[in-house]
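Next come the chains, spelled out residue by residue.
2 protein chains.
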Amino acid sequence: MAKYMCLDTLKFFLFEVHEIQSVFLYKKHLEYSKDTALLVLDSTKEWADQDFYPYIKEMDEKPVYFKDGKVYSHPVLKKIFSEAGQNGFLGNYFEEEDGGSQMPFSLANASNHILESANNHIPGYLGLTNGAAHLIATFGSQTLKDKFIPKMLKGIWGGTMALTEPQAGSSLSDLTTGAELLEDGSYHLKGQKIFISGGDHQGVENFVHLTLARIAGAPPGTKGISLFVVPKFLDENGSLVYNNVETVGDFQKLGQRGYSTVHLVFGEHGPSKGFLIGEPHKGLSYMFQMMNGARIDVGMTAASTATAAYYHSLQYAKERTQGRKILNSGKKNISEQPTLIINHPDVRRMLYKQKAIVEGSLSLLILCSKLQDIAICDTAEKQKNALLLLELLTPIAKTYPAEMGKTAISNGLQILGGYGYCMDFILQQYSRDIRIMSIYEGTTGIQSLDLLGRKVVMENGKALHLLSDMILSTIQEALGVEKLKPYAIKLSEKLKEIQEALSYLTTYAVQGDYQNYLADATIFMELISNVVIAHQWLAIGLKTQQQTTNDFQKEFYISKYQTMRYYFKYELPKTKAALETLLNKDKLTVESEDEPFLL
Amino acid sequence: MAKYMCLDTLKFFLFEVHEIQSVFLYKKHLEYSKDTALLVLDSTKEWADQDFYPYIKEMDEKPVYFKDGKVYSHPVLKKIFSEAGQNGFLGNYFEEEDGGSQMPFSLANASNHILESANNHIPGYLGLTNGAAHLIATFGSQTLKDKFIPKMLKGIWGGTMALTEPQAGSSLSDLTTGAELLEDGSYHLKGQKIFISGGDHQGVENFVHLTLARIAGAPPGTKGISLFVVPKFLDENGSLVYNNVETVGDFQKLGQRGYSTVHLVFGEHGPSKGFLIGEPHKGLSYMFQMMNGARIDVGMTAASTATAAYYHSLQYAKERTQGRKILNSGKKNISEQPTLIINHPDVRRMLYKQKAIVEGSLSLLILCSKLQDIAICDTAEKQKNALLLLELLTPIAKTYPAEMGKTAISNGLQILGGYGYCMDFILQQYSRDIRIMSIYEGTTGIQSLDLLGRKVVMENGKALHLLSDMILSTIQEALGVEKLKPYAIKLSEKLKEIQEALSYLTTYAVQGDYQNYLADATIFMELISNVVIAHQWLAIGLKTQQQTTNDFQKEFYISKYQTMRYYFKYELPKTKAALETLLNKDKLTVESEDEPFLL
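Residue numbers (this note's numbering), protein chains in the order written: chain A, 1 to 599; chain F, 1 to 599.
Hint data in this document are derived by calculation from the structure and do not stem from the laboratory. Worth double-checking, as some hints may not be accurate.
Unchecked claim - Distance condition first, Cα-Cα at most 27 Å in a straight line; then the derived DSS-like pairs of lysine-lysine:
1. F:K483 x A:K585
2. F:K585 x A:K490
3. A:K67 x F:K62
4. F:K496 x A:K574
5. F:K587 x A:K483
6. F:K587 x A:K332
7. A:K147 x A:K79
To be verified - Have a look at the derived ranges for each label pair, beta carbon to beta carbon:
8. A:S335 x F:S285: 14 to 24 Å
9. A:D586 x F:T339: 20 to 30 Å
10. A:Y242 x F:S82: 50 to 60 Å
11. A:K57 x F:D35: 54 to 64 Å
12. F:E595 x A:E279: 55 to 65 Å
13. F:K67 x A:K57: 18 to 28 Å
The beta carbon of each residue, even a glycine, is placed where N, CA and C say it ideally should be.
So that you can see chain A by itself, here it is in the shape it has in the complex (with noise of 0.2 Å):
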C-alpha cells in the first residue's frame, strides 16, 4: 500500500512538540496514558489501511449519485458507519455520561487526520454525526439526548449541519426557513437547505438535521435565529416514520465526489417535525459549537489531503528517472544514467514546498486541539486564555491548510509532469478533492474578516497578545540554540511586521472606518498564518535540536530540520509583500464605482 500519511510524525507533534502528555492529567482523561494514545494511533492507521485507503479512487471514480428522491453513496459506508459505532470513533471525545469515552481533543483530531489522509470523502460523514451529536449532548434537554444520541453513536443514525439556504448563501442573517410551534412544544418547519453535507446517503437509516430556521415572529437577522432537530423519519416506538424532509437533489462536485451534497426540502408535501434545541433565538450560538470544529476539521481534512498528496508525489519522485543532475560546468554528461528525479534542485524544492504546508499545518491543528482541550479541563483562568487564543487560531487553522495545501498539491501534480494531469494518477484528484475546503465553513474571505473584525479586537486584542507571548516564548528559547538563532531573529522580525501592519489598519478602525479597515482582511491573513506556521516550524526546530526522546532516528530529526530551513528561505519571505499591500494607501477596493469591471 502507498504511504499516505506519516504516523512517526504525528506521533513526535503530539508528544514531543506539543506535548499533549499534559491533557492526559486531567481527570476527564485519566484513563488515557501516551502508552493508551498510540494504541488508538494504530489501531486507526490499522482501520485505515483496511477501510478507508482501499475506497479512495474508486469513490471518485463512482460518485455518489442522486435517483428518485434518494442518494446512493458507496457501500463500504455503511460498513464504516457500523465499525466507527462498534470501535468508538462515533463519540470519542464524548463524556461518559453521554456514552463517550472523554477523549482528548488532540487525539481526537490527530486519529481524524488518519482517516481524512486515507480517503478525505469519509471522515466528513462521521465528523458531521459526532458534531451534531455532541451540539444535542452539549445543548439539549435530556428527551433529545435520549432520543437521538445513541443512535447516533451506534452508527446508526447519521447527523447533518443545516444551514445554508439558496437565496442566502453566507449570509445567515437572510435564511428564511421557519418554525411553527405545535400544542406539543414541537415545531413545524418549512423550508429549503442547500449544500448539505453527508445529508442522505444509504450508509445509515436516518438522518439528524441540525436546522437553522426563524420561529414565526422572530426578529430579523441573526438574533432571530433558532435551532432545531429535525430528523428524517421520527421514531415512533421503534418504528420509523417519514417526517417530510425530502431530498430534491444532489450536487455534483468538482471534488470529494463520494462524499454527498444534497439539497433537502423540509415541511412541502407534509409536516416536518423539529424539536427545538435550548431557547429560541440563540440558535446561532449554539450553532457556534459545531460550526467551530467543522472548521478545524475542514483544516484537518485540507493538511490530511494535501499529506496523502505530497507523500504519492514523493513516491514518485524516487522512483521515475529523467534528465542528469546539471554539473558545475553547467553541463550534463549525457553518457551518465538518468538520475531519480528527485535529485533535482526543482524538484526537491517542490517536495520541501509539500512538506512545509502539510507539517506546519498538522502542527498547529494540533495545538489548537490541545487548546481545545485546555479550554475545558483546566483552571478557570487558562481555560479562558486557551479559548481566547483558539478563537484567534481558528480561522487561521482552518484557511492556511486550504490555501496553501491547494498550492501544495498543485507543487505534487507538476512533480508528476504530464502524467499528473492523468486520470489513472491519484494527484490529479487530490488537487479537485482540496479545492473546496476554501470554501466550506466559510471562506477564506469570510474567515479573514472574522479573524480581522472580531478575533483580533476581542477583549482589547488580549487573543492576540495571548499568541504574541507564546511566539516570543518559543523564540527565546530558541535564542539560545546555536543553530536556531537566525531563525528566531527572523521570526521575531515577522512579529513586529504583524504590529506594524495592525497600528496602520487601526487607525482606520480608530476613525470609524471599519470599511478600509476590513477591506484587505484576506491579505492580512496571509500575513498573520505565514508567521504563525513560521512559529510552529520554529518550535519543530527547537524539538530536533532536543532529542527528548529516543522515539526517532536522525534522519528523522534532520528531515525536519532541513523542512524548517525551506520555511525561512522561501515561504517567510512573503510576508514582506502582504504588509507592503497593507500598508499601502491606494483604496482601490473600496472605491464604489463599478465602472472597473465592464461586461
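Dock chain F against chain A, hints included.
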C-alpha cells in the same frame, strides 16, 4: 451568449498599446491595414461565437475516447477543420507561395486569443496543424511541401509534434525512436511516442506527425536527433495506404478533455515510412521553430482560458446578491436589501486580480507576437534585436499566464462560493483546463532553466539589456505624466531588484558553480515575470492617459487605469519575497542527501 472575452481590450492592446499598425508597413504585410485587421477580428469572433463557444461544456462532459484502435472526438471538429481551411485560418501567417495570406503574427495570435477564449479544447488542433505545416514550409524540401502542405491547409489532414517518449519524458537526449535509411532515401521509423496532442481523432482523414528520431549510428544526446515527417497514411496516387502508425491508447485527462492526447507506436506491426526534414542530426534545431511557436500558443491558451473564467465570474458577481456592505460603524444594516456581491471589497479584489493577470498576460503575448513580426520583416539589426528579446520573453510569456492564470481562475471559482465547486457551473472546468498549461511544452521548471541558464546569458546578457531599455523607456515616458509618476518610480526600483538578484547569482556562475546559479531559477522566473507584467501595466496606464483615439469610452480607460493600480498594490510587492529568497545563502535544494524525504 455569455461574454467570454473582450474585443475592445484586444483592439486597445493591438492598436494603442502595441501599435501593431507599424507591422502593416512591412512589405510582407502590405495587404493589411487597421481596417482589414478589424474585419479579421470581427469575423473570427463570429466564428468563435458560432462554432467554438457553444461546445465548450459539451466537449468536457463527453470527452474524447479511445475504442478499438481509434480515438473519437466531438463531431464539431470535422466542421471546424473544414471551416479553418476555407476561411484561411489554417496557413494565415504563411507566405503566399506556401498557400498562406502573410498575416502578421500579431494579428494571427490575436485571432487565436478569441478562439481560445471561446473554447480552449479546439484551437490546439489547428495550431499544431499550422505549426507542423509551417515547419515543413521552412525546412522541408519542395517535394515534402507539395506532398503535405496543401492538404493540411485545407483542413483535410492534421499535424502534430511527436517528441515525448515514455522512458524519456522531457529529456529529449534520451529518446530512442529509431530511423533506418531505405534505398529510396526515405526511412523506416520504429518506436513509441506519448502525450501526442491532436494525434488521433475523427476531424481529419490523415495525420502528419513531425517526429524526432535517431538515425541508426547517430551520436548520443540531442546532437543525434533528426526530424521526420511520418504520416499515418501514405498518399499513393490519391489513395491512402496505412503507414503502421498505430494509436494504442489515449490519455484521459483532468481537463482539456475534448482535446485528444494519444499514445502512438511506429513500425511495430509493419514498416512506418518517414521522410527526413533538412539534414540528419539537426532535427532539434528545426523543431525549435515549432516549439517556440507552441510556447507562445500555450501562453495564449492559458491567458484566454483565464479570460473566459474572469468574465463568467464577473457576470455572476453582477447578478448574485448576498450579504450587505459593511458600514463605517463596522455593522451591517439588515433591513437593507442584500447587495450584489461585486460590492464586497474582497470580491472586487478577486475580480481585479483576475483582470490584472489575464490582461497583463494578453498584452505581453501581443508584444511577443509583434516581436515575431519584427524579427522576420525589419532591417537586419532590428530583426536581430527583436529575436533576442523574443527569445528572452518566450519562457516568461509561456509561464506567467500558465502559473498565474491558475490563480486567476481559482479566484474566479471562489467568487461563486459553493456553486463554483459544482459541475453545473463552468468555473470548475476552466480550473481543470488550465492546469496543464504549466506542463505543456516544457514545465515551469524547464522554462525557468531555459530563461536563467540560456536566455539571460546569451550574447553576454544582451537580451536582458534590450528588455531593460524597453522598460526604462516606458518609465521615462510615464515620469512625465503626473498621475503615473509614483508607478514609474516603483517600477524602476523593481528593475533594480532584477539586477540585484542577477549580480548575486552571477557570482556562482563566475565560480563555475552552475548548480547553485540555477537552483532557484523558478524563483527568478517569478521575480522577472512579475516585473515584466508590471511593465505591461505601466505601458497600458500610459495609453489611458494619452487616449490617442476616440475608439473607447471613458469607462474603458478608467477600467484599465484602475487595474494598473491593482497590479502595483497587490501583485508587484511580491518581487520582494522572491528577491529575499534568491539572495538567501542557504543552499538547501542542492545538498545531495536524500534524508529529508523519508518514505
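We went through each hint and held it up to the structure:
| no. | hint | result |
| --- | --- | --- |
| 1 | F:K483 x A:K585 | 15 Å, holds |
| 2 | F:K585 x A:K490 | 14 Å, holds |
| 3 | A:K67 x F:K62 | 21 Å, holds |
| 4 | F:K496 x A:K574 | 19 Å, holds |
| 5 | F:K587 x A:K483 | 16 Å, holds |
| 6 | F:K587 x A:K332 | 20 Å, holds |
| 7 | A:K147 x A:K79 | 23 Å, holds |
| 8 | A:S335 x F:S285: 14 to 24 Å | 22 Å, holds |
| 9 | A:D586 x F:T339: 20 to 30 Å | 23 Å, holds |
| 10 | A:Y242 x F:S82: 50 to 60 Å | 58 Å, holds |
| 11 | A:K57 x F:D35: 54 to 64 Å | 56 Å, holds |
| 12 | F:E595 x A:E279: 55 to 65 Å | 58 Å, holds |
| 13 | F:K67 x A:K57: 18 to 28 Å | 23 Å, holds |
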